[in-house]
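First to last, the protein sequences are chains D and S. Here the first sequence is numbered in this note's numbering, starting from 1 and rising by one per residue. Here the second sequence is numbered in this note's numbering, starting from 1 and rising by one per residue.
In case anyone wonders, no lab produced these hints; they're calculated from the structure. Here a beta-carbon is modelled for each residue, glycine too, at the ideal position from N, C-alpha and C. Errors might be hidden in some of the hints.
What the hints assert, rightly or not - Here are the simulated lysine-lysine pairs, DSBU-like style, with alpha carbons at most 30 Å apart:
(1) S/K127 with S/K113
(2) D/K103 with S/K144
(3) D/K99 with S/K174
(4) D/K26 with S/K144
(5) D/K36 with S/K40
(6) D/K77 with S/K111
(7) S/K127 with D/K103
(8) D/K77 with S/K135
(9) D/K26 with S/K113
(10) S/K174 with D/K36
(11) S/K98 with D/K40
(12) S/K142 with D/K36
To be verified - For each label pair, taking beta carbons as the anchor points, the in silico distance ranges come out as:
(13) D/K40 with S/E128: 22 to 32 Å
(14) S/A72 with D/F104: 51 to 61 Å
(15) D/N107 with S/K170: 49 to 59 Å
(16) D/N78 with S/E78: 53 to 63 Å
(17) S/A159 with D/D50: 45 to 55 Å
(18) S/E151 with D/D50: 45 to 55 Å
(19) D/F104 with S/A183: 50 to 60 Å
(20) D/F84 with S/D39: 18 to 28 Å
(21) S/T66 with D/K103: 44 to 54 Å
(22) S/A54 with D/E102: 26 to 36 Å
(23) S/P101 with D/Q9: 39 to 49 Å
(24) D/K103 with S/G82: 17 to 27 Å
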Amino acid sequence: MSKPQPIWQHLPFHLKEDVVSYLDFKSKCSLRICSKDDQKVVDSRPITIDYFGLNLTERPVDDVHEETPAEIVLRDKNVTMSRFFTPHLATEYFIRIFKLDEKFKVNTLKIHVRNYNRHGNHSVNVGNFWADAG
Amino acid sequence: MSSTEQGTSSAAPAEPTTAPESAAAPEVPESFYYVHGKDKVVHKVSAGALQHSALIHGMISNLGYTEEQAKANPFPFENIDGDILQMVVDWCNQHKGKPTPPEDTNLPKQKEKLFDLVLAVNYLEIKELLTYCCKQVAMMVKGKSPEEIREIWMIPTDAEDEAAEKEAKKRAGKEAAGETAAAAGDAK
């Protein structure tokens, strides 16, 4: 039997899984797109992140020009990622992540909704969200 | 022979001097075992230090060697480089009978050595050291971009991988064809 070379590619799958378990979410995402094999390694284990948040703020009544962007914040092993989207798109992505990947788990989930009209068209239906995500 | 030899029972006091010590069970002389890697350099390691390795511990329990037998028959680990085995032996000696700390900063920084250590530690089944090594490997690429990760861990792209696979198949096909032709020639 040939001896495995001391490089990542030749590590047994279970060792790669162990190494990946110590990576933060951002690094896991980077590794995932390196090769098909690495995608398999990253996808083989459930992903648990420390914090996942959605910040939504309603556009002020007197500002008719543009919407306040909504922010999705993700924090894992002291590494924070944040991105702005339109409120509608942000809500879509937020829910879709849980729908698409059942292995995706979050320790702390926060939804900040500021100044939104509770009866308006853009309100977030948290009840449905939990039902979908659960 | 390893320079990291443990204290033997000869150094222990012959008679207990205090009451609590006299109440304690008499100290059993520590047994030593011997291991060698690819370079055939024999390392003397105490049974206490070797307890970290589930593989060696299992071998010791099953074989029931006396000290003389152990000296005459060092455990051979031909698939482990000498310097890597030395690192493992040193770590086992340092952490003999002690609770392992949450971090270990004495691991090699060179990636080839670290990956070699991971493979050796996995083979020897040293759970705690394997945890440190895996953490250290993970830290190498923490916060890096995919391109940087590819470079650090020497990961080929899928296209490079496919090309290498095709090349290997072509080579195997040629070798098989050559062998068939040779066999046919012999038959004639």
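Going through the hints against the structure:
Between S/K127 and S/K113 the CA atoms are separated by roughly 18 Å; this keeps the pair inside 30 Å, and the hint holds. Taken as a hint, the D/K103 and S/K144 pair is honoured in the structure, with Cα atoms around 24 Å apart against an allowance of 30 Å. For the hint pairing D/K99 with S/K174, the CA-to-CA distance comes to about 50 Å; that exceeds 30 Å, so the pair is violated. Restraint check for D/K26 and S/K144: the C-alpha separation of about 9 Å stays at or below 30 Å, so the hint holds.
For the suggested pair D/K36 and S/K40, the alpha carbons sit about 40 Å apart, so the restraint of at most 30 Å is broken. Annotation: proposed proximity of D/K77 to S/K111 holds, straight-line Cα distance about 23 Å (limit 30 Å). For the suggested pair S/K127 and D/K103, the alpha carbons sit about 26 Å apart, so the restraint of at most 30 Å is met. For the hint linking D/K77 to S/K135, the alpha-carbon distance of about 13 Å falls within 30 Å, and the restraint holds.
With a C-alpha separation of about 26 Å, the suggested pair D/K26 and S/K113 falls inside the 30 Å cut-off, and the hint holds. A C-alpha spacing of about 28 Å is found between S/K174 and D/K36, which places the hinted pair at or below 30 Å, so the restraint holds. For the proposed pair S/K98 and D/K40, the alpha carbon gap of about 38 Å is over 30 Å, so the pair is violated. For the hint linking S/K142 to D/K36, the alpha-carbon distance of about 20 Å falls within 30 Å, and the restraint holds.
Separation of D/K40 from S/E128 is about 28 Å and conforms to the stated range, judged on CB atoms against 22 to 32 Å. For S/A72 paired with D/F104, a C-beta distance near 57 Å keeps the hint of 51 to 61 Å intact. Between D/N107 and S/K170 the beta carbons are some 50 Å apart, a value that agrees with the proposed interval 49 to 59 Å. Distance hint for D/N78 and S/E78: a CB-CB separation of about 42 Å, inconsistent with the stated range 53 to 63 Å.
In this structure the supplied range 45 to 55 Å is violated for S/A159 paired with D/D50, their Cβ-Cβ distance being about 35 Å. Take S/E151 and D/D50: their Cβ atoms lie about 28 Å apart, and the range 45 to 55 Å is violated. Taking the beta carbon of each, D/F104 and S/A183 are about 56 Å apart, inside 50 to 60 Å as hinted. Between D/F84 and S/D39 the C-beta distance comes to about 58 Å, which lies outside the given range of 18 to 28 Å.
In this structure, S/T66 and D/K103 meet the distance hint of 44 to 54 Å, their C-beta atoms being roughly 52 Å apart. For the hinted restraint 26 to 36 Å between S/A54 and D/E102, the CB-CB distance of approximately 34 Å keeps it satisfied. A hinted range of 39 to 49 Å is violated for the C-beta pair S/P101 and D/Q9, which are about 31 Å apart. Restraint check, D/K103 to S/G82: a C-beta distance of roughly 42 Å breaks the suggested window 17 to 27 Å.
Hint check: violations occur at hints 3, 5, 11, 16, 17, 18, 20, 23, 24; the rest are consistent with the structure.
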